[in-house]
Amino acid sequence: MRLCERFDRVMYVDLDVHHGDGVEKAFYYTEEVFTLSLHRYGPGFFPGSGSIRNLGAGDGVCRNLNIPFKEGVTDRQYLSVFQKVFKSICQRFRPRALVVQCGCDTLAQDPLGGRFNLTSKGIGACVMTVARENLPTLVLGGGGYYPSGTARCWTYITSLLARLKLNPQLPDHPSYVEHPPPFSLHTSPLSTRPNLNHKEHLAKVAADIKMFLLKMELRARRDGDEEHRACAAQSKRRQDKRAREMARKMNMTRSHNLVRPEAATREAGVNAPASVLDSSKPNLGSLQGMEGVGPSSALESGDGLHLEATISAQNHESCESAADRSVTGTNDERRHTIEAVGEELARKEKKAVGPHNAAGRAHVSGQQQGGGRTAD
94 MRLCERFDRV
104 MYVDLDVHHG
114 DGVEKAFYYT
124 EEVFTLSLHR
134 YGPGFFPGSG
144 SIRNLGAGDG
154 VCRNLNIPFK
164 EGVTDRQYLS
174 VFQKVFKSIC
184 QRFRPRALVV
194 QCGCDTLAQD
204 PLGGRFNLTS
214 KGIGACVMTV
224 ARENLPTLVL
234 GGGGYYPSGT
244 ARCWTYITSL
254 LARLKLNPQL
264 PDHPSYVEHP
274 PPFSLHTSPL
284 STRPNLNHKE
294 HLAKVAADIK
304 MFLLKMELRA
314 RRDGDEEHRA
324 CAAQSKRRQD
334 KRAREMARKM
344 NMTRSHNLVR
354 PEAATREAGV
364 NAPASVLDSS
374 KPNLGSLQGM
384 EGVGPSSALE
394 SGDGLHLEAT
404 ISAQNHESCE
414 SAADRSVTGT
424 NDERRHTIEA
434 VGEELARKEK
444 KAVGPHNAAG
454 RAHVSGQQQG
464 GGRTAD
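Numbering (the numbering used here), first residue to last: 94 to 469.
Think of the hints as simulated: they come from the structure by calculation, not from any bench.
One should not assume that every hint holds.
[To be verified] DSBU-like, lysine-lysine: derived pairs with alpha carbons at most 30 Å apart:
| id | residue 1 | residue 2 |
| --- | --- | --- |
| 1 | Lys342 | Lys214 |
| 2 | Lys163 | Lys308 |
| 3 | Lys329 | Lys177 |
| 4 | Lys177 | Lys163 |
| 5 | Lys258 | Lys297 |
| 6 | Lys308 | Lys292 |
| 7 | Lys180 | Lys303 |
| 8 | Lys258 | Lys214 |
[As the list claims (entries may be wrong)] Label-pair distances were calculated between CB atoms; the ranges are:
| id | residue 1 | residue 2 | range |
| --- | --- | --- | --- |
| 9 | Glu293 | Gln332 | 26 to 34 Å |
| 10 | Glu437 | Arg331 | 27 to 35 Å |
| 11 | Asn260 | Pro240 | 17 to 25 Å |
| 12 | Cys324 | Arg185 | 13 to 21 Å |
Here a beta-carbon is modelled for each residue, glycine too, at the ideal position from N, C-alpha and C.
Please build the complete structure, drawing on both the sequences and the hints.
This is the structure in structure tokens:
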């Protein structure tokens, strides 16, 4: 259960001679755990469960596989079926972690086992098939009612997992006499045990396994399509959210650009000069005090019209810059900004009116001189 908290898919492999009914019942309706059990199955053999037709239920459909054998199965038969089935399930289920239960009651010498004819090398080969997946793996013990064979088998499995090469001859130790001759690390099969796993039985088991793998593949495709649709929907939601965010930012920028200078200045709380706030009228007040040039005379000529348009454009530009500065600065900074804009505007007006004023003075001076000559 704790492995399920960390890994979303766990595969449980039961090599015990008895059916792993407890683990099967615990995860029969879940899709996070796959249970694979290889055991003896037949009338009168404990626990009486473990049919190949038990495939799981609910969300756990095709998450449970039982491989039944009869008594007398050998290393070659057992290992051939296990390797093919285990690799096929890993390709379809894609587990994140593995758990293998190494029951030694499958050994040929076990008195209370299912009369299988396996050896320590056969069980060790199954364990190494699991280890080659290079996944987090938990290796457990299991049934074993032949102490000498169980101890030697687990010692051999431990050496394989630790990548240690042990001497096949048992060393001298206090329990040395409890082991049978030839005092070897490995157990041996029994040549006198009959093998009831005939070709017909193995062919039927293979056909049932093939059908199960087909159903499992169909479920894997269905789950893959659902996962693909879920990923596509999630991607579309992210794109829609990004588009709404961009549209919101564009609307905010557009609204900021459409704010009128008068409104921006009023929001800033600054009393700007009338020449700055009123950008629609030219500021010709400074022309009224000039000698020989007034507002009417300036507007009557073409130069006056050009002067009015120039001053109006300058006033409009100054108004926009003053509005922008009034929004971003403090109240004191805004006042200084408006005053500086007013001074700059006055300088530009004087510079623009200068040539016309000079022309006006020259005209007045010529009239005075002409009148003097007439008088003379």
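Looking back at the hints listed earlier, which ones does the structure fail to meet? 1, 3, 5, 9, 10
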